[in-house]
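K.L.:
Produce the complete structure using the sequences and hints provided.
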Amino acid sequence: MAAESNISIQGYINHHLSDMTVGTGFWAVNVGAISVSLILGFVFVLSFMFVGRKATTGVPGKFQCFVEMIVEFVATSVRETFHVKDKLIAPIALTIFMWVFLMNLMKLVPVDWLPTVFGAVGLMFTPDAIQYDTTNYSILEKIMAHPWSYLTIAPTTDLNITMGLALGVFLFIVGYSIAYKGVGGFIKELSFTPFNHWALVPFNLVLELVTLIAKPVSLGLRLFGNLYAGEVIFILIALVGLGQLPLHFAWAVFHILVIVLQAFLFMMLTIVYLSMAAEDH
Amino acid sequence: MDINATLLGQTIAFMFFVWFSLKYVWPPLNNAIEERQKKISDGLAASERATKDLESARAQADEELKAAKIQAAELIDQAKKRAGKLVEEETQRGHAEREKIIASGYAEVEAERTRVREELRKQVAILAIAGAEKIIEREIDAQKQSDIVEKLVAEL
Chain A
1165 MAAESNISIQ GYINHHLSDM TVGTGFWAVN VGAISVSLIL GFVFVLSFMF
1215 VGRKATTGVP GKFQCFVEMI VEFVATSVRE TFHVKDKLIA PIALTIFMWV
1265 FLMNLMKLVP VDWLPTVFGA VGLMFTPDAI QYDTTNYSIL EKIMAHPWSY
1315 LTIAPTTDLN ITMGLALGVF LFIVGYSIAY KGVGGFIKEL SFTPFNHWAL
1365 VPFNLVLELV TLIAKPVSLG LRLFGNLYAG EVIFILIALV GLGQLPLHFA
1415 WAVFHILVIV LQAFLFMMLT IVYLSMAAED H
Chain B
64 MDINATLLGQ TIAFMFFVWF SLKYVWPPLN NAIEERQKKI SDGLAASERA
114 TKDLESARAQ ADEELKAAKI QAAELIDQAK KRAGKLVEEE TQRGHAEREK
164 IIASGYAEVE AERTRVREEL RKQVAILAIA GAEKIIEREI DAQKQSDIVE
214 KLVAEL
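Protein sequence lines, in the order shown, are assigned to chains A and B. Numbering-wise (this note's numbering), the first sequence opens with residue 1165 and increments by one. Numbering-wise (this note's numbering), the second sequence opens with residue 64 and increments by one.
Honestly, I wouldn't trust all of these hints.
[Said to hold, decoys possible] List time: in silico DSS-like cross-link candidates among lysine-lysine, alpha-carbon distance up to 25 Å:
hint: 1; chain 1: B; residue 1: K86; chain 2: A; residue 2: K1218
hint: 2; chain 1: B; residue 1: K101; chain 2: B; residue 2: K115
hint: 3; chain 1: B; residue 1: K86; chain 2: A; residue 2: K1226
hint: 4; chain 1: A; residue 1: K1226; chain 2: B; residue 2: K101
hint: 5; chain 1: A; residue 1: K1249; chain 2: B; residue 2: K102
hint: 6; chain 1: A; residue 1: K1379; chain 2: A; residue 2: K1249
hint: 7; chain 1: A; residue 1: K1251; chain 2: B; residue 2: K132
hint: 8; chain 1: A; residue 1: K1249; chain 2: B; residue 2: K129
hint: 9; chain 1: A; residue 1: K1251; chain 2: B; residue 2: K144
hint: 10; chain 1: B; residue 1: K144; chain 2: B; residue 2: K132
hint: 11; chain 1: A; residue 1: K1218; chain 2: B; residue 2: K102
hint: 12; chain 1: A; residue 1: K1251; chain 2: B; residue 2: K197
hint: 13; chain 1: A; residue 1: K1249; chain 2: B; residue 2: K101
hint: 14; chain 1: B; residue 1: K129; chain 2: B; residue 2: K115
hint: 15; chain 1: B; residue 1: K102; chain 2: A; residue 2: K1226
hint: 16; chain 1: B; residue 1: K101; chain 2: A; residue 2: K1218
Think of the hints as simulated: they come from the structure by calculation, not from any bench.
P.N.:
Written as C-alpha cells, this is what we have:
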C-alpha cells in the first residue's frame, strides 16, 4: 500500500503512528485511542456484570466459566501478593488486567483495516475535511488523506493511554499510603527512610519521591514501549508487500505472548506497589 | 505524539471502571465462586461421610449375618439331638412292648399247657381207675387195692 506515488514510506509510517486529534495544544484529545479504550472498558465491565448478574452457583455455562477463570486467576494473584485485607484491590487488579488485555488485543487487527474503513466512511460523509490538495490522488490515497483514517485502534500504543492508567495507579498508591498510614505516617515514611536521621531528611525526601514517581512512570513506559515497538514492527512488516503475510502471521503469534504478558505485568506490579503502600516496611 | 488531555480522560475512565468493578462486577462473581467452592467442599464432605456410613453399615450387616448363621447352626444341632433322642426313646419303648407281648404270649401258652395236661391227667386217672375197677371187680375188693391204683395215678 505504501508504493503509491503520493504517499512516501515515511508518510505511511507517520500516518499509522499518529492519531486523529480533536482540539489543540494540551487540550487536544486523541479520539481513536480514547474512544476505543472506552468502548473496550465498557465491553469488559458490562460483559462481566452481565455474567455476574446471571451467575449460578451450580454448573456454570462456558462464558461464565471463562469469566470465573479470570476472576479466580486475579483473586489468586492478589491473595499471594497483597496480604492486608482490602476489598478495593481485587477490582483494581481485575480492571487493569482485563482492560489492558483487551486494549493490547486490538493490536492483532491488521494495521490497515480499520483506518481504511474509517477513512472511506469519512470521505463519504465529509469529503471537505481533507486539508490539502488531492486532485491527482487515487481513491485509496484520498481515503488515507482523510483525517478520519488516522483513528488509532490500538490504545496502548498511545503514551497518553498508558500514562493515564499509570497516573490512576499513582493516585491509588498515594491513596493507599494515606489510608493505611495516615498523612503523617506517609510523610514520615518519605522523610525518614532509608536513613533514619533528621539531618538526612532532605536527602531521604528526594530519594523517596523519585522512587514514588518512578513507579507509575516505569509502569506506563513499560507498557507503552513494548506495544509501541510491536506496532512499529507491524507497520514495517506491512510495508514489504505480499511477503508480509507470513511475517505478519509470525509476529502476530509472537505478539499474543506480549499482549497477555504485559497485561499481567501491569496488574502484578500494581498489586505489588499497592501492597508496598499498604504495608509497613 | 504529545502528552495531552487524553491522559486525563484515560485516568478518569480508569477510576470509573474501577468503581464499576468494585460495585457491580467483582462482588457477584466472587460470591458465586466462593459459594460454589463451599458447595463443592460440602458435597465432598457429605460423600465422604456417606462412604463411612456405608462401610459401617456393611460391617454391621456382616456381623449380624454371622450371628444369624451361628444361631441357625445351633438350632439345627439342637433339632438333630432332639430327633436322635426321640428315635432312641421310641425304639426302646418298642423293644419293651415287644418283650412284654412275647412274655405274655409265653405265659398264656404255658397256662394253657398246664391246664390241658391237668385235664389229660385227670382223664387218664379216671380211665385208669375205671380199668382197674373192672379188673378188681373181678378179683378183689376195690377197697384193699386202692393204694396201688393211687400209686399208678401219681406215676402218670
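K.L.:
With reference to the structure, classify each hint as holding or not holding.
P.N.:
Checked hints:
no. : hint              : verdict
1   : B:K86 / A:K1218   : holds (16 Å)
2   : B:K101 / B:K115   : holds (21 Å)
3   : B:K86 / A:K1226   : holds (24 Å)
4   : A:K1226 / B:K101  : holds (21 Å)
5   : A:K1249 / B:K102  : holds (24 Å)
6   : A:K1379 / A:K1249 : holds (23 Å)
7   : A:K1251 / B:K132  : violated (66 Å)
8   : A:K1249 / B:K129  : violated (59 Å)
9   : A:K1251 / B:K144  : violated (83 Å)
10  : B:K144 / B:K132   : holds (18 Å)
11  : A:K1218 / B:K102  : holds (18 Å)
12  : A:K1251 / B:K197  : violated (161 Å)
13  : A:K1249 / B:K101  : holds (20 Å)
14  : B:K129 / B:K115   : holds (21 Å)
15  : B:K102 / A:K1226  : holds (19 Å)
16  : B:K101 / A:K1218  : holds (19 Å)
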